[in-house]
Amino acid sequence: MLKLKMPLTLKDLRPLKHGAEVLLSGTIYAMRDAAHKRMLAEKKLPLDLRGQIIYYMGPTPARPGKVSGSCGPTTSARMDKYTPQIIEKTGIISIIGKGARGAEVKAAMKGKVVYFIAYSGLGALIAKCIRKSEMVCYPYLGAEAVYKLEVENLPLIVAQGLDGKGEIK
Amino acid sequence: MRKLKSVLITKAVREMCITAAHKLPCDMLCAVKKAAAKESGVSARILKLCLENAAIAEKEMIPLCQDTGVAVVFAEIGHDLFIEGDIAAAIEEGVRRGYQDGYLRKSIVSDPLFERKNTKDNTPPVIHYSFAKGDKLKLTVMLKGGGSENNSKINMFAPSATIEEIEDFALKTVAAAGSKSCPPLIVGIGVGGNFEGCALLAKKALGREIGSVNKDKRYAALEKRLLQKVNALKIGPQGLGGKTTALAVFIEFAPCHMASLPVAVNLGCHSNRHIGRIL
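Residue numbers (our numbering), protein chains in the order written: chain L, 1 to 169; chain S, 1001 to 1279.
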């Protein structure tokens, strides 16, 4: 299986085609609905996400002595309304989520963003790939805050490559 | 009349929330194992990962899924039972302690439309009361995730609707959910009652044990046929294809108005978490 390590560039992501399985290591940012909404309302972004990967996820609290709680992907389609603007505003190069995206988002991602899916409903298994987890933005949102994660060999599947090709159910 | 102290209800609900979040019910485990044996390639591998996830969750006390849901509590109260104290407050306190002490995610927001502020303790739960013979309290706790709930649907059919039209509605609901509801699914269908009644029947259907057969032969046959048709959609585990889109289809039914034929389809994910206890 192909191993990828952050930081990555669009050039590194270009060979990835729909259906390819990869193991991702390095820094990613977890954020979901409420953080998307707030970020789009900000004049100045509270985080520099250029060249970064965002992961649609809101974890359970970590038990004492554990790095992370359960942390599988949430439904990407709920972010569809925000995604084209988020891509423009942040300069992210990849998104990790769960499930199909709308036509407008698929078009907005083409050439700019690789869309991966992570194993849905397998939050305990994915927690084993988290080396570090830190709340970095909007702490008052609790599970919907932005988390900076260090991951090691996070298993992902390419849903849509930079070529814009790829359908998932 | 038997007496039951409400603190015992709080204690039970607390434990049930924590157990349900970490321990996949036996019927679900067995069904996933059986499905994995029938699959090949990527779908077989994913189902094996579901089993591995369940093993890690139980051993390391990391919730099966990060969405530890809204707590749905069914309380069946015996006629000859006297509860000392406030049952609603006792259940709510059990949920509060379970989610705090169990390190479960707090996913409930106060107002749905305006501030959407997290209540920080996962309360209030959704509680359904009913009454039965005897002097016991039967509690069922379901932790219902948003991904599967969001793709659930209700349709008020006219009585002229054919069984095929109702099957088609259920199939379209599953197809539209795709991988968003985390297949392999449990499909709970409520037929009859009224608008809110059919939804409750569908929810109750999700609590049935896999392998259980509907008491009514006609509905049992419909469950079987629908399961075959759902699996013929080939959405498969994670939506990546395969024979297993659902592990079970359960139908609950009730009398309804002569002008109506309400049908609700409530989807349950591959971590269909429910637990029962009798006090």
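Keep in mind that the hints were calculated from the coordinates and are not lab data.
The beta carbon of each residue, even a glycine, is placed where N, CA and C say it ideally should be.
Fair warning: there could be bad hints in the mix.
To be verified - Stretches of chain S that chain L covers, calculated by requiring three or more beta carbons in the stretch to come under 8 Å of a beta carbon on chain L:
no., stretch
1, 1037-1051
2, 1104-1110
To be verified - Taking lysine-lysine and the DSS-like style, the derived pairs with C-alpha atoms no more than 25 Å apart in a straight line are:
no., chain 1, residue 1, chain 2, residue 2
3, S, Lys1106, L, Lys132
4, S, Lys1234, L, Lys169
5, S, Lys1215, S, Lys1229
6, L, Lys148, S, Lys1243
7, S, Lys1117, L, Lys43
8, L, Lys128, S, Lys1229
9, S, Lys1153, L, Lys169
10, S, Lys1023, S, Lys1034
11, S, Lys1243, L, Lys169
12, S, Lys1215, L, Lys128
13, L, Lys81, S, Lys1048
Okay, the hints, checked on the actual structure:
Counting residues of the stretch 1037-1051 of chain S whose C-beta lies closer than 8 Å to any C-beta of chain L gives 3; at least three are required, and the coverage claim holds. For a cut-off of 8 Å, the count of residues in the stretch 1104-1110 of chain S with a CB near a CB of chain L stands at 4, and the three-residue condition holds. Among the hinted pairs, Lys1106 of chain S with Lys132 of chain L is consistent with the structure: their alpha-carbon atoms are about 21 Å apart, no more than 25 Å. Between the alpha carbons of Lys1234 of chain S and Lys169 of chain L the distance comes to roughly 10 Å, so the proposed pair stays at or under 25 Å and holds.
At roughly 21 Å between alpha-carbon atoms, Lys1215 of chain S and Lys1229 of chain S fall within 25 Å of each other, so this suggested pair holds. Distance check on the hinted pair: Lys148 of chain L and Lys1243 of chain S sit about 37 Å apart at the alpha-carbon level, beyond 25 Å; violated. Taken as a hint, the Lys1117 of chain S and Lys43 of chain L pair is honoured in the structure, with Cα atoms around 23 Å apart against an allowance of 25 Å. Distance restraint check for Lys128 of chain L and Lys1229 of chain S: the Cα-Cα separation of roughly 36 Å exceeds the 25 Å cut-off, and the hinted pair is therefore not satisfied.
As the CA atoms of Lys1153 of chain S and Lys169 of chain L are separated by approximately 18 Å, the hinted pair is consistent with the 25 Å bound. At roughly 18 Å between alpha-carbon atoms, Lys1023 of chain S and Lys1034 of chain S fall within 25 Å of each other, so this suggested pair holds. Our distance criterion of 25 Å between C-alpha atoms is met by Lys1243 of chain S and Lys169 of chain L, whose separation comes to about 14 Å. Using a Cα cut-off of 25 Å, the hinted pair Lys1215 of chain S and Lys128 of chain L is violated, with the two alpha carbons roughly 43 Å apart.
With a C-alpha separation of about 34 Å, the suggested pairing of Lys81 of chain L with Lys1048 of chain S is violated against the 25 Å cut-off.
In terms of the numbered hints stated before, the structure departs from hints 6, 8, 12, 13, listed from lowest to highest.
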